[in-house]
Amino acid sequence: MNFELPSSLGAARIYLAAFALLAPGLLAGCGEPPWNNPHPPAVDEALTYQSVMTPAPPKHLDPAVSYASDEALFIMQIYEPPMGYHFLKRPYELLPTALQDFPQVSYLDEQGAEVAAADPAIAFTRYTLHLREDLHYQPHPAFALDEAGAPRYLFDSAAAGAQFRQIPDFPETGDRAVRANDYAYAIKRLADPDNASPMLGFMSQYIVGMKAFSEELAQVPRNGDWLDLGEYDMQGLSVLDERTLSITIMGRYPQFVYWLAMPFFSPIAPEVDRFYHNPGFAQRNLTLDWWPVGSGPFMMVKNDPNSEIVLQRNPNYRADFFPGQGAPGDREAGFLEDAGKPIPFIDRAVFRLEKEVLPLWTKFLQGYYDRSGEVHGNTNGVFDQAFVVGPDGVEVSGELSEHNITMSPDVKPGIYYYGFNMRDPLVGGYTEDKRKLRQALQIAFNTEEYLNIFYKGNGIAAHNLIPPGISGHIEGEQGINPYVYDWVDGEPRRKSIEYARELLAQAGYPNGRDARTGEPLKIFIDVQSQAIGNTSMNWIDRQFSQIGVQVEFRPADWSRTREKLLTGNTQIFSHGWLADYPDPENFLFLLYGPESPLECQCDGSNNSNFKHEEYDTLFRQVRVLPPGAERDALVARMVDIYRREAVWLYAFYPRDIYLNNSWVYNTKRHGISKATLKYIRIDDAQRQSMRVLWNQPVTWPLYAIVIVLLALVWPGVLAYRRRQNATARNHQE
Amino acid sequence: MFAYIIRRVLYAVPILIGVNLLTFLLFFVVNSPDDMAVSQLGEKYVTPEAIAAWKTKNGYDKPLFLNASNTGLESLTDTIFFTKSVKLFAFDFGRSESGRDITSDVSTRMWPSLAVALPTFIIGIWVNICVALLVVMFHATRLDRWAVFLFVSLMSISYLFYIIGGQYLVAKTWKLVPISGFHADGQAWKFLILPVLVGVVAGIGSGARWYRTLFLEEANQDYVRTARAKGASEISILFRHILPNALIPILTGVVVLIPSLFMGGLLIESFFGIPGLGSYMLDAIKSQDFAIVRSMVFIGSILYIFGLILTDISYTWADPRVRLS
Numbered sequence: 000m001n002f003e004l005p006s007s008l009g010a011a012r013i014y015l016a017a018f019a020l021l022a023p024g025l026l027a028g029c030g031e032p033p034w035n036n037p038h039p040p041a042v043d044e045a046l047t048y049q050s051v052m053t054p055a056p057p058k059h060l061d062p063a064v065s066y067a068s069d070e071a072l073f074i075m076q077i078y079e080p081p082m083g084y085h086f087l088k089r090p091y092e093l094l095p096t097a098l099q100d101f102p103q104v105s106y107l108d109e110q111g112a113e114v115a116a117a118d119p120a121i122a123f124t125r126y127t128l129h130l131r132e133d134l135h136y137q138p139h140p141a142f143a144l145d146e147a148g149a150p151r152y153l154f155d156s157a158a159a160g161a162q163f164r165q166i167p168d169f170p171e172t173g174d175r176a177v178r179a180n181d182y183a184y185a186i187k188r189l190a191d192p193d194n195a196s197p198m199l200g201f202m203s204q205y206i207v208g209m210k211a212f213s214e215e216l217a218q219v220p221r222n223g224d225w226l227d228l229g230e231y232d233m234q235g236l237s238v239l240d241e242r243t244l245s246i247t248i249m250g251r252y253p254q255f256v257y258w259l260a261m262p263f264f265s266p267i268a269p270e271v272d273r274f275y276h277n278p279g280f281a282q283r284n285l286t287l288d289w290w291p292v293g294s295g296p297f298m299m300v301k302n303d304p305n306s307e308i309v310l311q312r313n314p315n316y317r318a319d320f321f322p323g324q325g326a327p328g329d330r331e332a333g334f335l336e337d338a339g340k341p342i343p344f345i346d347r348a349v350f351r352l353e354k355e356v357l358p359l360w361t362k363f364l365q366g367y368y369d370r371s372g373e374v375h376g377n378t379n380g381v382f383d384q385a386f387v388v389g390p391d392g393v394e395v396s397g398e399l400s401e402h403n404i405t406m407s408p409d410v411k412p413g414i415y416y417y418g419f420n421m422r423d424p425l426v427g428g429y430t431e432d433k434r435k436l437r438q439a440l441q442i443a444f445n446t447e448e449y450l451n452i453f454y455k456g457n458g459i460a461a462h463n464l465i466p467p468g469i470s471g472h473i474e475g476e477q478g479i480n481p482y483v484y485d486w487v488d489g490e491p492r493r494k495s496i497e498y499a500r501e502l503l504a505q506a507g508y509p510n511g512r513d514a515r516t517g518e519p520l521k522i523f524i525d526v527q528s529q530a531i532g533n534t535s536m537n538w539i540d541r542q543f544s545q546i547g548v549q550v551e552f553r554p555a556d557w558s559r560t561r562e563k564l565l566t567g568n569t570q571i572f573s574h575g576w577l578a579d580y581p582d583p584e585n586f587l588f589l590l591y592g593p594e595s596p597l598e599c600q601c602d603g604s605n606n607s608n609f610k611h612e613e614y615d616t617l618f619r620q621v622r623v624l625p626p627g628a629e630r631d632a633l634v635a636r637m638v639d640i641y642r643r644e645a646v647w648l649y650a651f652y653p654r655d656i657y658l659n660n661s662w663v664y665n666t667k668r669h670g671i672s673k674a675t676l677k678y679i680r681i682d683d684a685q686r687q688s689m690r691v692l693w694n695q696p697v698t699w700p701l702y703a704i705v706i707v708l709l710a711l712v713w714p715g716v717l718a719y720r721r722r723q724n725a726t727a728r729n730h731q732e
Numbered sequence: 000m001f002a003y004i005i006r007r008v009l010y011a012v013p014i015l016i017g018v019n020l021l022t023f024l025l026f027f028v029v030n031s032p033d034d035m036a037v038s039q040l041g042e043k044y045v046t047p048e049a050i051a052a053w054k055t056k057n058g059y060d061k062p063l064f065l066n067a068s069n070t071g072l073e074s075l076t077d078t079i080f081f082t083k084s085v086k087l088f089a090f091d092f093g094r095s096e097s098g099r100d101i102t103s104d105v106s107t108r109m110w111p112s113l114a115v116a117l118p119t120f121i122i123g124i125w126v127n128i129c130v131a132l133l134v135v136m137f138h139a140t141r142l143d144r145w146a147v148f149l150f151v152s153l154m155s156i157s158y159l160f161y162i163i164g165g166q167y168l169v170a171k172t173w174k175l176v177p178i179s180g181f182h183a184d185g186q187a188w189k190f191l192i193l194p195v196l197v198g199v200v201a202g203i204g205s206g207a208r209w210y211r212t213l214f215l216e217e218a219n220q221d222y223v224r225t226a227r228a229k230g231a232s233e234i235s236i237l238f239r240h241i242l243p244n245a246l247i248p249i250l251t252g253v254v255v256l257i258p259s260l261f262m263g264g265l266l267i268e269s270f271f272g273i274p275g276l277g278s279y280m281l282d283a284i285k286s287q288d289f290a291i292v293r294s295m296v297f298i299g300s301i302l303y304i305f306g307l308i309l310t311d312i313s314y315t316w317a318d319p320r321v322r323l324s
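Sequence lines, in order, name chains A and B. Numbering that gives the first Met the number 0 puts the first residue of the first sequence at 0, with every later residue one more than the last. Numbering that gives the first Met the number 0 puts the first residue of the second sequence at 0, with every later residue one more than the last.
What the hints contain is simulated information worked out from the structure, not anything from laboratory work. Be aware that one or more of the hints could be misleading.
[Claimed, not checked] Capping the alpha-carbon separation at 20 Å, the derived lysine to any residue pairs in SDA-like fashion look like this:
1. B/K171 with A/H38
2. B/K56 with A/P192
3. B/K171 with A/Q695
4. B/K189 with A/Q695
5. B/K171 with A/A703
6. B/K86 with A/G223
7. B/K189 with A/H38
8. B/K54 with A/G223
9. B/K171 with A/E401
10. B/K171 with A/V697
11. B/K285 with A/D69
12. B/K189 with A/A514
13. B/K189 with A/H402
14. B/K285 with A/Q527
15. B/K171 with A/P696
16. B/K56 with A/V219
17. B/K171 with A/H402
18. B/K56 with A/E215
19. B/K54 with A/E562
20. B/K54 with B/S74
Looking at chain A on its own, in the form it has when it is part of the complex (with noise of 0.2 Å):
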């Protein structure tokens, strides 16, 4: 091996100046700045919208099967059900969207014979949808046909279409018109048991012979091969033209109009389903689970869930604007500057994996992505560098506004709590004395402390169990829970420390000792250890210590809080709930006494095993009346029953803040619907420069590395040199 070193310092200088005029050079080879673009370079002039998809990617695109909010991210692009919600205004508001109008709500008695809303004999309604004429698919490989009308992509075997495998390898493709059938053969698809969907088991409560349909297919051989569930008739389903459909559901359920606006009510067209059954591919995922086929505003083009997913303008979408009216303060916020424009206003979405906050952070301050998240909270350390609580509530940092970087903060439809469990023998009960335990609990925990310290002011204290937005959420002083605040100055003040010890030796446990044993009053907390820290927890423990009460954490895994919850053994648990339509019954349900898992022995929401036969009572009447003043003072009643007896020890509406970047307009935040990529509009020019002025690459870090190095390496050099010159006599010297 032949190693030679530099004969002299003054070649090793020549190397260096070498290296230092080369450099410039290599460094220009990477090409025009930014050098840290981590899209792949633009294939086309299409208007593409960057966000993320965090912190995994969607497990099921079925409608039939995927219940989770990052799923409903992409469905609800694609797919449009028969309703939806109203963008802009707020409370929340139901509109038609694949309807021509809301759909027609007939009653029917035992005998099916129409009857009257207010009739006591009801024992079935009938909704009657009308679809709009304008319904289209996107374009499909399933809808392809060969010249005598048959689907051209149908194979007797898996070896006959190998060649394709994604939804981009067919050559061809197809289109059709939304039918009637495409929505009944969903439904039946609900209850197809080899969709396993989770809706089978609530939706078989309400649609009539869901269940008898259900167990007639349970029954019928498969062997993988494609069932045409068209050949078999499902009782509550009635297809009576080519745009109209009837669901008939069991006696009265008014609820049932807003699970119409969710995914699971999306059209499949048959042939679809029969497309994805062809043999072999399921193997290669060319299934419905993870490539939709819908009549939305989007269509898949790209499905990688290790990398991206990628959404194009569906061609075919139906003439839809953006609405002109809003909620009140809408306009002066630019939310109505687009009113009456066609939507939507970009031609392509892509989501990028991101599992960890910081490069996602990063990529967004860069102008990489143009909104911080779409679905996930950002209360973590990352994000909260990005805000401070000042003296209008939480502003965006420094930084954040030299790159006029906005916030779209949105108060979730959901509450997180820390529930009693009603059948404790310590805390649970409804005898006065355990009404003040519980009181005294709820009082020293302060909620309000506690949501500035670990969330960062991103959650409000809950007076109620329902969530602002939703009817029956009162502000102000009728809203306040009375029995642990008093309205003061007009606003809300937390009971004292005083009155909670008073209400604790009335409940016998004077000084936080039982008044029996002189034992100290311990109470357990079950929490599910990613969901808490220490900190948070010697925080809870301090809380209570005020009134000389012992605290116990239990720390478990979901299965296992899971397992407690159904089994009835926990005592105080934490728990939440994001509402799925926005009624007061979505949230008063859960305290319904059969909603206990104990009692339905199931995986029943009412974990607090609550059981109060007026409010059962009172449930009962709610879930059947429309909307209105009587069923407004039943929801009031219903939540003064809930505050008296103190079934949770505290609670919040989880609130959310998104980052947008400055040319990203039309960022109203929707608690409800994930339909709203159509709204989005994106300033391209300004995201370009932007993105340039803000990543100009720092290229001195990399010659000072290279100085250090060289100042490193060289004293060895030299030692090495030094040593090989030497005599064997001075060497020993």
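Could you slot chain B onto chain A? The hints should help.
Chain B in isolation, oriented as in the chain A frame:
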């Protein structure tokens, strides 16, 4: 040698069964099929019927190990363990709990893993060996002592620090490369620079220190003194004499890792957004996807066993005196 390899392959079968059994036990100690169903079905409105339907569809409606409702061999074969395990040995990994074909996912994801792991591995070994040899050259000098101090310091720093530090400095502050991401279409190198650099730098401390120890043992051998007496340069002694003679212990630690390079790295892939098998495994654990976890552990075991066989074979190449029989 052929008979030796066949024998080693046969030895692998009980090992794989044991690994599979252990994975199965560990997974189902903390999860039940009902937990998996709830996790997949979305946790809201999950009725017992929906859970039962999911379990039937995915083959989790059987007992775990022993089916008392059957007699004879079927009491063992008509169980979750048997039905889920036996297909693995035919390399049929089936579908994940969310319905995706695992073989297809693995074959797609192994290339990004390899794209990061292979250059990190090769450059890392080359750098570590060069640094270790140079330190050996200055053995028992101040330079050597400072180098050892530096190696121990580098070893003591968390891998996470290298990742976050690298991202913060190189990508966020200096804006030289993208902070994360991966595109196979032409510009993949742009995304690989930082993870490879981080991987190499993070490995220098432990790697160079280990190789230094190996080389020092050789540096005191008689043949080194002879080479020096013959007038060979220090560089020549290091690379032509010491390095080849120290290869056996190096190969022991290195060759076994080569097949596992396909499996990628959990942390580096997660933080740099590399869509490889490391992050695949991590996602599966988070989402309680037993089908993926089981398949990945099985693949990992096979690759490790294959790596051990390769190591044995590499001995015969490095040292002609070694014979496999």
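Hints, verified against the model:
1. B/K171 with A/H38: holds, 16 Å
2. B/K56 with A/P192: holds, 8 Å
3. B/K171 with A/Q695: Satisfied, since the Cα-Cα distance of roughly 11 Å is no more than 20 Å.
4. B/K189 with A/Q695: Answer holds: B/K189 to A/Q695 is near 16 Å, not above 20 Å.
5. B/K171 with A/A703: holds, 18 Å
6. B/K86 with A/G223: holds, 18 Å
7. B/K189 with A/H38: holds, 11 Å
8. B/K54 with A/G223: holds, 17 Å
9. B/K171 with A/E401: holds, 17 Å
10. B/K171 with A/V697: holds, 10 Å
11. B/K285 with A/D69: Holds, at about 16 Å.
12. B/K189 with A/A514: violated, 71 Å
13. B/K189 with A/H402: violated, 26 Å
14. B/K285 with A/Q527: holds, 15 Å
15. B/K171 with A/P696: holds, 10 Å
16. B/K56 with A/V219: holds, 14 Å
17. B/K171 with A/H402: holds, 16 Å
18. B/K56 with A/E215: Distance ~16 Å between B/K56 and A/E215 Cα, so the pair holds.
19. B/K54 with A/E562: holds, 18 Å
20. B/K54 with B/S74: Holds. B/K54 to B/S74 sits at ~19 Å (cutoff 20 Å).
Violated hints, in rising order: 12, 13; the structure is consistent with all others.
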